[in-house]
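As you go down the protein sequences, you meet chains A and B in turn. Quick note, this note's numbering runs 16 ahead of the 1-based positions in the first sequence. Quick note, this note's numbering runs 22 ahead of the 1-based positions in the second sequence.
None of these hints come from the bench; they were simulated from the model. Any given hint might turn out to be false.
Unchecked claim - Per label pair, the in silico range of CB-to-CB distance:
| # | chain 1 | residue 1 | chain 2 | residue 2 | range |
| --- | --- | --- | --- | --- | --- |
| 1 | B | Y72 | A | S96 | 16 to 26 Å |
| 2 | A | R25 | B | T90 | 32 to 42 Å |
| 3 | B | D60 | A | L57 | 13 to 23 Å |
| 4 | A | R30 | B | P30 | 36 to 46 Å |
| 5 | A | T126 | B | I35 | 41 to 51 Å |
| 6 | B | G38 | A | T99 | 24 to 34 Å |
| 7 | B | S99 | A | V68 | 35 to 45 Å |
| 8 | A | Y26 | B | V66 | 14 to 24 Å |
| 9 | B | I89 | A | V68 | 38 to 48 Å |
| 10 | B | L67 | A | V68 | 39 to 49 Å |
| 11 | B | S49 | A | R111 | 18 to 28 Å |
Said to hold, decoys possible - Here are the simulated SDA-like cross-link-like pairs (lysine to any residue), alpha carbons at most 20 Å apart as the crow flies:
| # | chain 1 | residue 1 | chain 2 | residue 2 |
| --- | --- | --- | --- | --- |
| 12 | A | K19 | B | A70 |
| 13 | B | K92 | A | N114 |
| 14 | A | K71 | B | K73 |
| 15 | B | K73 | A | K19 |
| 16 | A | K19 | B | K92 |
Unchecked claim - To give a feel for the contact side, a few chain B residues facing chain A, derived at Cβ under 10 Å:
| # | residue |
| --- | --- |
| 17 | I69 |
| 18 | G128 |
| 19 | A132 |
| 20 | V133 |
Each residue gets a CB set at the ideal place from its N, CA and C atoms; glycine is no exception.
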Amino acid sequence: DVKVTQSSRYLVKRTGEKVFLECVQDMDHENMFWYRQDPGLGLRLIYFSYDVKMKEKGDIPEGYSVSREKKERFSLILESASTNQTSMYLCASWRVYNSPLHFGNGTRLTVT
Amino acid sequence: GQQLNQSPQSMFIQEGEDVSMNCTSSSIFNTWLWYKQDPGEGPVLLIALYKAGELTSNGRLTAQFGITRKDSFLNISASIPSDVGIYFCAGQVGGGATNKLIFGTGTLLAVQP
Numbered sequence: 017d018v019k020v021t022q023s024s025r026y027l028v029k030r031t032g033e034k035v036f037l038e039c040v041q042d043m044d045h046e047n048m049f050w051y052r053q054d055p056g057l058g059l060r061l062i063y064f065s066y067d068v069k070m071k072e073k074g075d076i077p078e079g080y081s082v083s084r085e086k087k088e089r090f091s092l093i094l095e096s097a098s099t100n101q102t103s104m105y106l107c108a109s110w111r112v113y114n115s116p117l118h119f120g121n122g123t124r125l126t127v128t
Numbered sequence: 023g024q025q026l027n028q029s030p031q032s033m034f035i036q037e038g039e040d041v042s043m044n045c046t047s048s049s050i051f052n053t054w055l056w057y058k059q060d061p062g063e064g065p066v067l068l069i070a071l072y073k074a075g076e077l078t079s080n081g082r083l084t085a086q087f088g089i090t091r092k093d094s095f096l097n098i099s100a101s102i103p104s105d106v107g108i109y110f111c112a113g114q115v116g117g118g119a120t121n122k123l124i125f126g127t128g129t130l131l132a133v134q135p
């Protein structure tokens, strides 16, 4: 079974802090994604990566950056956390061809 | 971003009833996926569909890839309390290594014992 592991289930950070959300997958998938999920807005794509050191902006990249130094790890960075970034963050990985997207368990981030 | 039309938005049913939900799009998809999400958890894959007309079952769950490639449905038979959660579909448009998925808006299912 594919395993996508997010390092934290819950995080509480202060406004202005730099925040790192880590995600690791164990199936050698090329593609990795970061989404945020908010009530009434569904899943929104922040950034994705289709290879090491490659990144593409999703639908809502403002206020975020990402890092993919190794194939198995995809990090989401909030350079200066703000209260409107309080959300559920979901990492996912995908081989793409005739295979499904697999999600991690999510990180519930609260920015105060 | 683009979202799929998923209906119904919510369902409140009695244990033992059958459930049906569907997703439709104006775009043609190559892949349809169905997920279930429990509160505070990440989505878990239920069924993956890769060919138009494909009908796939996973226990009490059955899903079909519409023949027009623009829709899919998920059925749950003989619902039980642990079926409670949010179900959503996802579709892949086109093909290629950098493709993204488009997600449905979700169906909230509540099952009364």
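Status of each hint after checking the structure:
1. Judged by the Cβ atoms, the range 16 to 26 Å given for Y72 of chain B and S96 of chain A is violated: they are separated by roughly 42 Å.
2. Between R25 of chain A and T90 of chain B the Cβ separation comes to about 40 Å, which falls inside the hinted range of 32 to 42 Å.
3. Between D60 of chain B and L57 of chain A, the C-beta spacing of about 19 Å keeps the proposed range 13 to 23 Å intact.
4. Evaluation of the 36 to 46 Å hint for R30 of chain A and P30 of chain B yields a pass: the beta carbon distance comes to about 40 Å.
5. A hinted range of 41 to 51 Å for the beta carbons of T126 of chain A and I35 of chain B is inconsistent with their spacing of about 33 Å.
6. A C-beta distance of roughly 44 Å is found between G38 of chain B and T99 of chain A, which places it outside the suggested range of 24 to 34 Å.
7. Look at S99 of chain B against V68 of chain A: about 44 Å separates their beta carbons, and that is inside 35 to 45 Å.
8. Between Y26 of chain A and V66 of chain B the Cβ separation comes to about 19 Å, which falls inside the hinted range of 14 to 24 Å.
9. Separated by about 39 Å at the C-beta atoms, I89 of chain B and V68 of chain A satisfy the suggested range of 38 to 48 Å.
10. As the Cβ distance of L67 of chain B to V68 of chain A is approximately 25 Å, the hint placing it in 39 to 49 Å is violated.
11. Between S49 of chain B and R111 of chain A the beta carbon distance is about 22 Å. The supplied range of 18 to 28 Å therefore holds.
12. Our distance criterion of 20 Å between C-alpha atoms is met by K19 of chain A and A70 of chain B, whose separation comes to about 17 Å.
13. About 17 Å separates the Cα atoms of K92 of chain B and N114 of chain A, which keeps this hinted pair within 20 Å; it holds.
14. Restraint check for K71 of chain A and K73 of chain B: not satisfied, since their Cα atoms lie roughly 29 Å apart, outside the 20 Å limit.
15. Restraint check: the Cα-Cα separation between K73 of chain B and K19 of chain A comes to about 25 Å, which exceeds 20 Å; the hinted pair is violated.
16. With a C-alpha separation of about 30 Å, the suggested pairing of K19 of chain A with K92 of chain B is violated against the 20 Å cut-off.
17. The beta carbon of I69 of chain B is positioned within 10 Å of a beta carbon in chain A (closest approach about 9 Å), and the interface hint is therefore held.
18. Annotation: G128 of chain B was flagged as interfacial toward chain A, and the flag holds, the nearest CB pair being 6 Å apart, inside 10 Å.
19. Checking A132 of chain B against chain A by beta carbon gives a least distance of about 16 Å; that is not within 10 Å, so the hint is violated.
20. Because the beta carbon of V133 of chain B sits about 21 Å from the nearest beta carbon in chain A, more than 10 Å, this interface hint is broken.
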